[in-house]
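Student: Chain by chain, the residues:
Protein chains: 2
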Amino acid sequence: MTMNVVGASICDEELIVQGEARDIQLPNTEHVSQISVDIGGSLAKVVYFSRRAGTKGGRLNFRKFETEKIDDCIEFIRRLLEESRAHRPGHELVIKATGGGAHLYYDRFRDTLGVNIEREDEMDCLITGLNFLITEIPFEVFTYSETDPMCFEETPADKFPYMLVNIGSGVSILKVTSATTFERISGTSLGGGTLWGLLSLLTGAKTFDEMLEASQEGDNRNVDMLVGDIYGTDYSKIGLKSTTIASSMGKVFKKNVDKRQFRPQDISRSLLYMVSNNIGQIAYLNAQAHGLDRIYFGGCFIRGHPITMNTLSYAINFWSKGSIKALFLRHEGYLGAVGAFMKHRSSRRNSRSFTLTESLTQKLAATELTDVESTIAQDTLDVDAVDAADSD
Amino acid sequence: MTMNVVGASICDEELIVQGEARDIQLPNTEHVSQISVDIGGSLAKVVYFSRRAGTKGGRLNFRKFETEKIDDCIEFIRRLLEESRAHRPGHELVIKATGGGAHLYYDRFRDTLGVNIEREDEMDCLITGLNFLITEIPFEVFTYSETDPMCFEETPADKFPYMLVNIGSGVSILKVTSATTFERISGTSLGGGTLWGLLSLLTGAKTFDEMLEASQEGDNRNVDMLVGDIYGTDYSKIGLKSTTIASSMGKVFKKNVDKRQFRPQDISRSLLYMVSNNIGQIAYLNAQAHGLDRIYFGGCFIRGHPITMNTLSYAINFWSKGSIKALFLRHEGYLGAVGAFMKHRSSRRNSRSFTLTESLTQKLAATELTDVESTIAQDTLDVDAVDAADSD
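So the protein lines, in turn, are chains A and B.
The first sequence maps to residues 2 to 393 in our numbering.
The second sequence maps to residues 2 to 393 in our numbering.
Among the clues, some could well be false.
Which copy is meant is left open, because identical chains are indistinguishable; a pair holds if it fits in one copy or across any two.
Claimed, not checked - In silico DSSO-like links for lysine-lysine, alpha-carbon gap of 27 Å or less:
{"#": "1", "residue 1": "Lys207", "residue 2": "Lys70"}
{"#": "2", "residue 1": "Lys260", "residue 2": "Lys238"}
{"#": "3", "residue 1": "Lys207", "residue 2": "Lys260"}
{"#": "4", "residue 1": "Lys326", "residue 2": "Lys260"}
{"#": "5", "residue 1": "Lys70", "residue 2": "Lys260"}
{"#": "6", "residue 1": "Lys242", "residue 2": "Lys255"}
{"#": "7", "residue 1": "Lys207", "residue 2": "Lys238"}
{"#": "8", "residue 1": "Lys160", "residue 2": "Lys260"}
For the record, the hints were derived by calculation from the structure and aren't laboratory data.
Only chain A is shown next, with the shape it has when bound in the complex (with noise of 0.2 Å):
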């Protein structure tokens, strides 16, 4: 197929609830023709094309699973790979796969699956699907603060260098100098995978949604040691107010005092700002280090989370001085399995063909953009392709 795709609009219909939409059930007048996996440490993401009989249009679909139970995700792609036999048999489909399951799980997909799995390098797939959503879908990159949650970002003139920090279980930070030259720069264990590995031992919390909610009710000066904590005032002198964060979970190691005191909400909030924090604070130093002024942010850590969002354009603000910017997506945890679907052959000749409907544009102007959550946590982006032809 040649998937030449003049239009693309995000919806924002049906949310399919993680891990636990196990049906698919395609439209009659859709059926799937590409398929591509990311599997990191944590999640699992795949992005599918469905593509909308007797039309050039269809939509790239996007769903995530945990690594945990791959067999859920193999068993998703099984039904997908099916549904498109039955609507093209004969026609042999490859899956384009990266991240590290891409290795660790390549038997068990191939034998499963008896399809070609084709494996590409996770760095190169992350920066190929983040280009692919810069330049070419609109509305896809903000930026965020308190009073403007979802600022939208023209693509500038100029995108390269920046820098992408890409947190998911762990983190990793990339320089990018152009649509194809990159270098992993730098990296911090301490992502996702500490927050919820943490928050699930010290809350109870069953998922990250529950982390992230409960983080939204908590107080962290409940946990947390502030400088008026430690001062009584600020520490004017070096520029410390009061209210800065001295120690994270400062306030926690005392010997005569019941442990249960500690509310889940107050410890939810205070990780999350902690390791938010952190990866903003490695984030800046390492874009100082390299003259960068642009940094992504993106990975399936963030989930458009406002707390999230605001801590670390808060850091980047702070350390930078407002020298540098932090952007989102919002597509943020897609990135690799974008990428990895770009590297189908057709789709990566012609992926400067994907452009703004003006549906989207009508749709995005009455959306309420406070409520940044969901209009992030889309599952679906519209293309209207060129060349319908679904052979090559």
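Given the structure of chain A, go ahead and fit chain B onto it with the hints provided.
Tutor: Using the frame of chain A, we list chain B on its own:
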């Protein structure tokens, strides 16, 4: 008094267990003449000079209290003052105080002790104390490696510039360009208080020493997600070994796992690595940004603990590719208190007169230096005063 001192030696006689030794029993031949205190968020550090009657000698004594039990610290100082007054009636002592608690507890100290409390700036004291220790106390500064855990360093001809990373409840990072000029360039809230707080909740450990002990028996691979756990192998293209930690605590968040299966020892090791690695990385990035190639690590977090020093050293060496040196101190936790002590008018004037005694050289040469912890954990420093006159 004039503390013009020409000999200093380090005694490793009796170890007083932190916070437990409430009585002070100076030998009859000694009396206290100068006191300083550095009150941080978690620990209050006391330094006092006890003079040996009939000689020119005396010693610097080092004691720690939990800030939460600040009254124990005040009581301890009250007894020191009592001793001193008994020995020299009518002679009024001044206490030099620094750290946030010098402000927060100022009234309580003044009212309970009935003496003049002179407050000194915390950062200034840290640097004054560090410069004194670097310059005047031989066998104070060392580098750490597994094969040579305590490799002492000669004071370099060019001491400045250098960086100090002071790790208490939180972390302060200072750039020092001369004996009197310095700047707090960075810091992180992810410090000792974070580790102590998290481990007291997660492992039930009651003291930091218990936590460190547990960490020595732990295997972080049971809770950390390694590159090999995600990839099955190295990710050699970008230089990540399969043993590299991809996500601290990244193995914990799994829905169907009994959380009790995670051993306190493994969690302790993981979080000690996490905090130490992170501080090492942020220290490196700041050193790089400011062109500094010598980093002193101070603060009560380190406590001469081999895993901590090894992790900090490893992180600095890894990130800087060997170009930056991590330096440790035998009196790491007392920089601020020593600095405040040096602010006593006469001490400061004569601070350069502390020198090594021959006996110290011999004593250290005979020490089993592999036992770094006990070598570091001395609580006194013998000094010989040239001028025994106690007035001035």
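Student: Are the CA atoms of lysine 207 and lysine 238 at most 27 Å apart within a copy, between copies, both, or neither?
Tutor: neither (44 Å within a copy, 35 Å between copies)
Student: Checking lysine 70 and lysine 260: alpha-carbon separation at most 27 Å within a copy, between copies, both or neither?
Tutor: For lysine 70 and lysine 260, only the inter-copy Cα distance (18 Å) is at most 27 Å; the intra-copy one is 34 Å.
Student: Tell me, please, which holds for lysine 242 and lysine 255 at an alpha-carbon limit of 27 Å: within, between, both or neither?
Tutor: Only inside one copy: lysine 242 and lysine 255 sit 24 Å apart there, 39 Å across copies, limit 27 Å.
Student: Can you give me the call for lysine 207 and lysine 260, within, between, both or neither, at a CA distance of at most 27 Å?
Tutor: both (21 Å within a copy, 11 Å between copies)
Student: At most 27 Å between alpha carbons: which applies to lysine 326 and lysine 260, within, between, both or neither?
Tutor: neither (40 Å within a copy, 39 Å between copies)
Student: Are the CA atoms of lysine 260 and lysine 238 at most 27 Å apart within a copy, between copies, both, or neither?
Tutor: neither (35 Å within a copy, 45 Å between copies)
Student: Is the C-alpha distance from lysine 160 to lysine 260 at most 27 Å within one copy, between copies, in both cases, or in neither?
Tutor: neither (50 Å within a copy, 45 Å between copies)
Student: Can you tell me if lysine 207 and lysine 70 fall within 27 Å by alpha carbon in one copy, between copies, both or neither?
Tutor: Intra 15 Å, inter 37 Å, cutoff 27 Å: intra-copy only.
When the structure is compared with the earlier hints, violations turn up for hints 2, 4, 7 and 8 and for no others.
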